[in-house]
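One line per chain: the protein sequences are A and B, in this order.
For the first sequence, the positions run 1 to 984 when the UniProt record's numbering is used.
For the second sequence, the positions run 1 to 419 when the UniProt record's numbering is used.
I should point out that these hints are in silico values taken from the structure, not numbers from a laboratory.
Among the hints, a few may not be true.
Stated by the list, open to error - Dumping the calculated DSS-like pairs for lysine-lysine here, alpha-carbon to alpha-carbon at most 30 angstroms:
no.: 1; chain 1: A; residue 1: 94; chain 2: B; residue 2: 131
no.: 2; chain 1: A; residue 1: 358; chain 2: B; residue 2: 277
no.: 3; chain 1: A; residue 1: 399; chain 2: B; residue 2: 38
no.: 4; chain 1: A; residue 1: 358; chain 2: B; residue 2: 411
no.: 5; chain 1: A; residue 1: 534; chain 2: A; residue 2: 497
no.: 6; chain 1: A; residue 1: 537; chain 2: A; residue 2: 580
Claimed, not checked - Quick look at which bits of chain A chain B covers, simulated, 3 or more residues with Cβ under 8 angstroms:
no.: 7; region: 235 to 241
no.: 8; region: 327 to 338
no.: 9; region: 513 to 521
no.: 10; region: 596 to 607
Said to hold, decoys possible - Partial pick of chain A residues on the chain B-facing surface, computed with a CB cut under 8 angstroms:
no.: 11; residue: 436
no.: 12; residue: 438
no.: 13; residue: 545
no.: 14; residue: 882
no.: 15; residue: 886
no.: 16; residue: 890
Just so it is clear, the structure is predicted and the values come from calculations on it, not from any experiment.
All C-beta atoms in this analysis are idealised placements derived from N, C-alpha and C, irrespective of residue type, glycine included.
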Amino acid sequence: SCVHNDEVISQQRGNVTMKLLREQATVCCYAFECSSFLTNPITYGYMDGFDSAVQCVTVLYWVCDPQMIARGKNASDLFPAVVKNVACKNIEVKKLVYVYLVRYAEEQQDLALLSISTFQRGLKDPNQLIRASALRVLSSIRVTIIVPIMMLAIKEAASDMSPYVRKTAAHAIPKLYSLDPEQKDCLIEVIEKLLADKTTLVAGSVVMAFEEVCPERIDLIHKNYRKLCNLLIDVEEWGQVVIINMLTRYARTQFLNPNMNVSTTEATAIVKRKPYVMDPDHRLLLRNTKPLLQSRNAAVVMAVAQLYFHLAPKAEVGVIAKALVRLMRSHSEVQYVVLQNVATMSIKRRGMFEPYLKSFYIRSTDPTQIKVLKLEVLTNLANETNISTILREFQTYIKSNDKDFVAATIQAIGRCATNIGEVRDTCLNGLVQLLSNRDELVVAESVVVIKKLLQMQPEQHSDIIKHMAKLTDNIQVPMARASILWLIGEYCEHVPKIAPDVLRKMAKTFTNEEDIVKLQIINLAAKLYLTNSKQTKLLTQYVLNLAKYDQNYDIRDRARFIRQLIVPTDKSGALSKYAKKLFLALKPAPVLESPFKDRDHFQLGSLSHLLNAKAGGYQVLPDWPEAAPDPSVRNVEVKESVQTYPLHPPASDTASGSESGSGSEESGSGSESEESNEESESASEEDEEEEGKKKKKNVEKIKARKPVPESESDSQPNTIASVQVFDTICKPAWLYMQFLLNPPLPVSVPQTIIPSGNLKTYELLHRITGEGLSVEYCFSRQPFSPDPHMVAVKIQFTNSATSEAKSLHVEDAKLQSGMRIKEFPEIEVLPAGETISVVMGIDFCDSTQAANFQLCTHTRKFFVSIQPPVGELMMPIFMTENEFKKEQGQLMGMNEITEKLTLEEKCQGEHAVVQRVTTAANLSRVPCGSDKECRFAGKTVTSGSLVLVSVVTKEDGAAQLTVNCEKMVIGTMLVKDIHQALTQ
Amino acid sequence: MINSLFLINPSGEIFLEKHWKSVVSRSVCDYFLEAKEKALEPEDVPPVIHTPHHYLISIYRDKLFFLSVIQTEVPPLFVIEFLHRVAEMIQDYFGECSETVVKDHMVMVYELLEEMLDNGFPLATESNVLKEMIRPPTILRSVVNTLTGTSNVGDTLLTGQLSTIPWRRAGVRYTNNEAYFDVVEEIDAILDQSGTTVFAEIQGVVEACVKLSGMPDLTLSFMNPRLLDDVSFHPCVRYKLWESERVLSFIPPDGNFTLMTYHVNAQNLVAIPVYVKQSISFFECGSDGRLDVTVGPKQTMGKTVEGVMVTVHLPKTILSINLTATQGSYTYDNGTKVTTLWDIGKLNPQKLPNLRGSLSLQAGAPKPEENPSLNIDLKIQQLAISGLKVNRLDMFGEKYKPFKGVKYITKAGKFQVRT
């Protein structure tokens, strides 16, 4: 395939026949005999030079070839020779060198560095494509040493003039992040910058980077939300998928549930304060994604479909059905994924797919897995009106040669019969007919299903039971035999004559039966003994004797147990009186449920949904908020809106003013086909923006004027500390001294105090440094209502100076990237000798890094810092024992940290453990059956990652502490803190 | 996103691997091969497999498995769609997608894959953009390359990726400007034993071959667009205009592409062009049966039905068959699937083709439960069975007068007769 340039080479290399060399190389490559190629000095000499594109291409082809790698012939020996060619002019050679370099750089780190300067030069090239490609390769080299170089290159490229280079920068972000996660903070800055980019080219890539690096930083999206919605239709298809999935999650945190008035749960009925009005931004998202249902790309269609399923009002979800049914025409893999999602959707929104029932009919040529999924959908769609059509269709399926499929069909019939009472008899009759089928698997499956159906109304069907009793002679499938025996035993009163006879036959074959059948024989014997002991006493004893010497201990156990229970002896206890009640109690009929039930707690269309298990990196789809967060956060700055306004006369078509910001022709954001209420919606949107303009001008003032948060108003301006609250161990001695000298103010416990344990108080500003003003803080453990992602910090000012302190406020916060502060409203006057408490919110970004800021009075500024103990970075959540176990099961491996410890003497006993743990960390207790184990649950304040703690106590104060947390750093630190709390 | 790609042939041999992030050992494919062993047919291999450390998402296409390795959450359809694009790209470049073709053009496939993904995220998947970067091989070019020493990689720096319409390359020049549209409709149907339609619908697609210079802006309108029930478009089509005026307005990619696919409402009665009379029976005693199939025209709108083919999937217990066809020939394949393929050709309404004869079962085999179903293939030229008609094609933005043409064709899609 490679073409060669003989002329040039022969000129340069004189006597050596290049032809020979080429043939050699080619032969070597194709015959996969590289050893001679490598060791041949002539060849090697040439490779070192690599003058011709020919050799490069041939050699590079060979080094990239998986066949070679599979044979363990690692081509990394050639590294220096190959990498020299990175500066080659020939583009094909260059590209292949890149491929090679990226592939082997990890193994040859030192040598890879040789090539870096070439790329650094490339980054400065006037041609944007060269800049982009240099960045692309540079960022793909997985060598830790060059991380700073990469970081610099990415930062520069992010502000490049060319959008294509900026796009490449966005691509480079996740690469660097995976190489060195420590760079996260810097990368988030770049992401923030790129998110503000207004070109379609960058949008998809940067959202991808956002999803990989900091999906929890939903706050970065606010300002870009409307822009992303408007650009969406012009973004390339792969980017569309990523953006739509991200926006789904975003919308779940920012808007209210559009179906909340529809749902009938009591909780929402109480909350119903005012009629629901959809946020215009919510509407914008729905409107701008809808045309993408017409995309040729199945992934885009699925992304929009899941967005509608999770976000749209019930009445509007229907539009996705048609598009999803269209995807069913596509490749079988696409069908497979789509059907899985349709199966989940069809449980919640059955009506949506009913008109397309026939599209789920099964062809004999469909692969089995598709057949089974279609069957699932058909079953979910069955209702009183269409059941007869569906059953007729099922009848054809039962004749299929594909036996797995037939078995699934029988199960499906069973499910239809349990769900729709009207057809139960019809189904039962149909299934009974199948009992005479020649295929044993079909019969067995039918028996199992019939058993379940009969359990619902056994009285009317003694003839079916009789019929099945006869089957024991023929049918060999253990599960079916066991089912029949169970039926006869359970309803032996309906077949009083046949039952003992069946037992007689079974007693004969007992020793040859499978274990599950044996157990059922014992069961049958016991039940018959209780109802008809005259006829079956001896048989039962015979069976029990056989079972007594069985090889399987389960069977021996069962026999012993049953003998004690049913055969009255002088030793048998009180239980035998109730034997009949025990055995022949009315058993609830089994519920046949779809395996797809409740799968929609995973975001649809995701890998996790398909596997029904949380895949790595899956972002949980949050529940709708109770109250909508502030919508003004999405208002964009003045500059932008000024740009778009003049394009459209405000009076005639206000809607498009904020909509088609991109202004490009293709952007079909559909301002023509508007609904009636849109006019008013967008008008209000505009108003908001207008308001936003004013706001921007004097942000500071407005912030200061904002109403005092609720939690603040009910906590009294009073001291919260008492002497014993102070942790004397941790505090330096001089502080302790100070308290002795300067007794604190009378204790008064604030009204809102955490359920257990006391609040630890820390010093922010000492009385002496503060020139009479002392400041303390504690983590109030109250949710910070203005922003749920912030930790509430209660700050208490005490003015022990002689003059009053004026205008206390926060200034000039120096924060790590990502961290945010919501300062407290300025305190105008604090008279001498008075104390006042305020609350401020800090988003620590789930790290224990300190928040540094200045505390100002009218005269002085003090540098202070608040560093949170890890336990304060979380807030309690309430979960049940089962939820806890489930979540814990999903946070295994690296996410689980276990430590053995010995409890301190005073700390033994459940109450003490609970108190110490809840004091150390802001967690809530999870109910637990055992008193040896205490469980606690919480989530981190910023990202909402689960934090699960369990303490299992053993004898002599030994205990085991387990922490499960997605964030390993938090987990590790928490283990340390709790360990300390429990042992000291 | 996508970590690695493996191409695997039907016998389970990995003949290409490409990694976009750290190298994943090919032993990861063992999980897939295990699943493949278990499956009776290649189509039965589950598209998504969960292994301890990776997720494997695969497609089966053109007798090859395209297997991708995923490490974190990603929408499965995203990967599946991408893998199909890879297959389409190979097909587009080399005329077919097969193991030999990939092995012959290994270097170029590598280069293409390198451009298609960056760090596992799709970068350039538009055929027009790729072709500008890496030129497809032609005989002429390989001769030229030999003489001049140039290669297939475009040495001009491309601009396609930079434009707002990434699907069209810049500076296209043709001496003959032409635009052809093929309206292809497929009938999907299930007929039951008595010939009643259980389910029928029409799936249509408009394939375009546009060779126009410059930046033409085309508008294609239909006589009866309301017929179309559900549509999906190439990204070049402006959704907005379709919504408001029901016309297709677009700047076309250069060369061949699929402009739109559509679905014709199933509530409108779908015309079924042929009828099939069949009787397949197996005798209770003795080990043989009879087969008798006749095909005739039904609603053909006065056109001739061509390329008629009947495929019968017989039960596995069939030992041999002895049939006679009044028209065309039949072949019998006794491999893993027992099928009879009856190639009829043109349907003559005067003399209906018939296939009849006896089937013999393996000795002692029980009478098959289910009668085999028939799959029908057919073609009708110059007819869109739904009645869809193109009204006109207008061009803006360029001065020249292009040559325009529309062709209609109707085919059988998944057309199955239950017996």
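Against the structure, the hints:
Only pairs whose Cα atoms come within 30 angstroms are accepted, and residue 94/A paired with residue 131/B is accepted, the gap being roughly 18 angstroms. For a cut-off of 30 angstroms, the pair hint linking residue 358/A to residue 277/B stands: about 24 angstroms separates their Cα positions. For the hint pairing residue 399/A with residue 38/B, the CA-to-CA distance comes to about 24 angstroms; that is within 30 angstroms, so the pair holds. The hinted pair formed by residue 358/A and residue 411/B meets the criterion: a straight-line CA distance of about 21 angstroms does not exceed 30 angstroms.
A distance of roughly 13 angstroms separates the Cα atoms of residue 534/A and residue 497/A; the hinted pair therefore holds under the 30 angstroms criterion. For the proposed pair residue 537/A and residue 580/A, the alpha carbon gap of about 15 angstroms is at most 30 angstroms, so the pair holds. Counting residues of the region 235 to 241 of chain A whose CB lies closer than 8 angstroms to any CB of chain B gives 4, so the stated coverage by that chain holds, three being the minimum. Counting residues of the region 327 to 338 of chain A whose CB falls under 8 angstroms from any CB of chain B gives 8; the rule of at least 3 is met.
For the region 513 to 521 of chain A, the stated coverage by chain B is not satisfied: 0 residues place a CB nearer than 8 angstroms to a CB of that chain, which falls below the threshold of 3. Counting residues of the region 596 to 607 of chain A whose C-beta sits closer than 8 angstroms to any C-beta of chain B gives 3, which meets the bar of three, so the coverage hint holds. Among the interface hints, the one on residue 436/A is violated; its C-beta lies about 12 angstroms from the nearest C-beta in chain B, farther than the 8 angstroms criterion. This hint holds: residue 438/A has a C-beta 6 angstroms from the nearest C-beta of chain B, less than the 8 angstroms allowed.
Interface hint at residue 545/A: violated, since its Cβ lies 41 angstroms from the closest Cβ of chain B, which is beyond the 8 angstroms cut-off. For residue 882/A, the interface hint is violated, the least distance from its beta-carbon to any beta-carbon of chain B being 24 angstroms, above 8 angstroms. With a least beta-carbon distance of about 18 angstroms to chain B, the hint placing residue 886/A at the interface is violated under the 8 angstroms criterion. For residue 890/A, the interface hint is violated, the least distance from its beta-carbon to any beta-carbon of chain B being 13 angstroms, above 8 angstroms.
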